[in-house]
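J.: Sequence:
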Amino acid sequence: MQSLESDTTPTRQEKQHPGLKLALEIGPLLVFFFGNLRGEWLVQKFPALSALGGPLLVATGLFMAATVLSLVVSKIVFRHLPVMPFVSGIVVLIFGGLSIWLQDEVFIKMKPTIVNTLFGVTLLVGLALGKSLLGYVFNAAFQLTDEGWKKLTLRWGLFFLFLAVLNEVVWRNFSDAAWVNFKVWGTMPITIAFTLAQMPLIMKHSLEQPSEDGK
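Heads up, the sequence shown is in the numbering used here, so the first residue is 1 and it goes up one at a time.
Quick list of in silico lysine to aspartate or glutamate cross-link-like pairs, EDC-like style, CA-CA up to 16 Å:
(1) Lys204 <-> Asp146
(2) Lys75 <-> Glu25
(3) Lys131 <-> Glu147
(4) Lys131 <-> Asp146
(5) Lys204 <-> Glu147
Computed beta-carbon distance windows for the label pairs:
(6) Leu30 <-> Val169: 22 to 28 Å
(7) Ala178 <-> Glu25: 19 to 25 Å
(8) Trp185 <-> Thr122: 22 to 28 Å
(9) Arg38 <-> Leu158: 34 to 40 Å
(10) Leu102 <-> Glu147: 43 to 49 Å
(11) Asp176 <-> Leu129: 35 to 41 Å
(12) Arg79 <-> Leu207: 24 to 30 Å
(13) Ser175 <-> Asp146: 44 to 50 Å
In case anyone wonders, no lab produced these hints; they're calculated from the structure.
Each residue gets a CB set at the ideal place from its N, CA and C atoms; glycine is no exception.
Using the sequences provided together with the hints, build the complete structure.
T.: Okay, here's the thing in structure tokens:
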């Protein structure tokens with residue numbers, strides 16, 4: 001299926017517009033942050049938004065719209081939909097829609113928990129069945145030995161579950177503002193730090209790439 005490819009299989013268009021790709025990935029989160037921060041002001045300027053509910057639900061509605069726009073632009077410009085943002089976007093629409101419909105912010109707060117649990121369980125179950133599923137996502141970025149893929153898959157599976165637990169701790173014990181700040185400014189630095197921490201394993205288990213002349 002050409003429209004749904006791995007996150008690390010860059011198309012020619014993605015190579016030409018890396019800034020746009022980054023903006024499409026983090027843009028919806030920034031819209032969510034701004035919507036929650038200035039929710040009351042937005043309602044004053046655009047009274048129709050009051051139908052969505054409080055500031056967090058206004059932010060949720062804007063988050064959903066920005067997510068759809070991001071996926072549409074990705075499909076048009078880059079000719080494919082990256083797997084993880086696509087799955088996350090579907091969950092955003094389902095849980096965001098439930099939050100607004102039922103006027104219950106719990107659903108959108110649980111979205112990161114559901115997504116990270118889904119990714120984590122999928123990787124770990126696949127590993128238990130003898131499949132290093134992470135290899136299907138990252139094999140365009142680097143080549144590893146079977147042992148390397150197994151170790152990396154295990155680490156990422158556990159990391160996704162860690163993020164799921166961390167999200168539950170934050171939204172259940174802190175204010176809405178603290179949770180939004182964590183979601184926007186906390187999750188990404190943690191993920192980047194974890195990714196960089198995997199470089200020694202990747203270097204250790206990397207396969208040598210054959211030269212173009214086969215030597």
